[in-house]
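> Sequence:
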Amino acid sequence: MSFPHRGVVDYLVMELRRRYQRARLAEDAGASVIEWVIITGVLVLLAGVVGTVIYNLANDAAESIEMPDAPGGP
80 MSFPHRGVVD
90 YLVMELRRRY
100 QRARLAEDAG
110 ASVIEWVIIT
120 GVLVLLAGVV
130 GTVIYNLAND
140 AAESIEMPDA
150 PGGP
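Under the numbering used here, the first residue of the sequence shown is numbered 80, with each subsequent residue one higher.
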């Protein structure tokens, strides 16, 4: 499965790692920050899956359009 916006995914993974690391260092915020990191990760994953499904559906629909030959020829 190919995802056309790889840079976006890389950025989101980097942001999740940064937030996770910050959550591990902050002792007073503890569980609530880790919960937000997990929720954010699940939502990012869900958004990626939905985006890929929509992209594939649109791509399949575009490929099924029949283009007539141009008049006049070569």
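If you are wondering where the hints come from, they were derived from the structure by calculation, not from laboratory data. Heads up, a few of these hints could be off.
[Unchecked claim] Derived CB-CB ranges, DEER-like:
#: 1; residue 1: Trp-115; residue 2: Asn-138; range: 44 to 54 Å
#: 2; residue 1: Leu-136; residue 2: Gln-100; range: 28 to 38 Å
#: 3; residue 1: Ile-133; residue 2: Arg-103; range: 27 to 37 Å
#: 4; residue 1: Asp-89; residue 2: Asn-138; range: 16 to 26 Å
#: 5; residue 1: Ile-144; residue 2: Arg-101; range: 20 to 30 Å
Glycine included, each C-beta is placed from N, C-alpha and C at the ideal position.
> Indicate, hint by hint, whether the structure satisfies it.
Now for the hints, and whether the structure bears them out:
no.: 1; hint: Trp-115 <-> Asn-138: 44 to 54 Å; in the structure: violated, 34 Å
no.: 2; hint: Leu-136 <-> Gln-100: 28 to 38 Å; in the structure: holds, 37 Å
no.: 3; hint: Ile-133 <-> Arg-103: 27 to 37 Å; in the structure: holds, 35 Å
no.: 4; hint: Asp-89 <-> Asn-138: 16 to 26 Å; in the structure: holds, 22 Å
no.: 5; hint: Ile-144 <-> Arg-101: 20 to 30 Å; in the structure: violated, 48 Å
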